[in-house]
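All chains should be built: construct the whole structure from the sequences, respecting the hints.
Residue numbers (my numbering): 1 to 124.
Hints are computed from structural coordinates only; laboratory data are not their basis.
Note that CB positions come from ideal geometry on N, CA and C, so glycine has one too.
Errors might be hidden in some of the hints.
Derived CB-CB ranges, DEER-like [said to hold, decoys possible]: (1) 70 / 17: 13 to 23 Å; (2) 98 / 1: 19 to 29 Å; (3) 5 / 68: 40 to 50 Å; (4) 64 / 8: 43 to 53 Å; (5) 11 / 117: 27 to 37 Å.
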Amino acid sequence: VCSKVMSQVGRETSRFVDKYDVTLDVCISSVLSQSKIISPQEQTGESIDVCVEDETVNYLNRPDVQKALRARLVNVRQWEVCSNGDQDSVIPLTGSRTLLHRLAKELKLNTTIPYRVWFAGQQV
Numbered sequence: 001v002c003s004k005v006m007s008q009v010g011r012e013t014s015r016f017v018d019k020y021d022v023t024l025d026v027c028i029s030s031v032l033s034q035s036k037i038i039s040p041q042e043q044t045g046e047s048i049d050v051c052v053e054d055e056t057v058n059y060l061n062r063p064d065v066q067k068a069l070r071a072r073l074v075n076v077r078q079w080e081v082c083s084n085g086d087q088d089s090v091i092p093l094t095g096s097r098t099l100l101h102r103l104a105k106e107l108k109l110n111t112t113i114p115y116r117v118w119f120a121g122q123q124v
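Now the structure itself:
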C-alpha cells in the first residue's frame, strides 16, 4: 500500500517539488534558467538561494574549513546534510525520532534536553 501511495505521489508532483523539503523550490539550475527565459518575471521581495544547501555542504567539506572548525571526520568520508524530517514527504517525524533514539542508545548517549518545539521569536 505504501509503495502504491508513494508511486502516485511521484506521478502527481512535479520535479519542481523537493520531496526532502516541500516548502522550498528545487535546485535545478538548468530548469530554473529555462523557466526565467520562457516566462521572465520581475523580482519582487526577498530572493532565496534554493541551492544554498549544496553550497553549504561543499563549503563544510573543504579541508581548510574543517581544520578551522577543528572538525574530525571519524570513519566518514564527507559531511552530508541530515534532517529531522519535519518538512519532507519521505521520512515522517516519528521515523526520524525513532531512528535518533535507537542511534543514541547504540552509542550509549543520554538525552540531556527532551525533544520539544523550537521557536525563533514567535515562529516555530
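Tested hints:
Checking the proposed 13 to 23 Å range against residue 70 and residue 17 shows it is violated: the Cβ atoms sit about 38 Å from each other. Checked against the hint of 19 to 29 Å, the pair residue 98 and residue 1 passes, with Cβ atoms roughly 20 Å apart. A C-beta distance of roughly 45 Å is found between residue 5 and residue 68, which places it inside the suggested range of 40 to 50 Å. At about 46 Å, the beta-carbon gap between residue 64 and residue 8 stays in the expected band of 43 to 53 Å.
One distance hint, 27 to 37 Å for the beta-carbon pair residue 11 and residue 117, holds here, with the actual separation near 34 Å.
Of the numbered hints given earlier, the model fails hint 1 alone.
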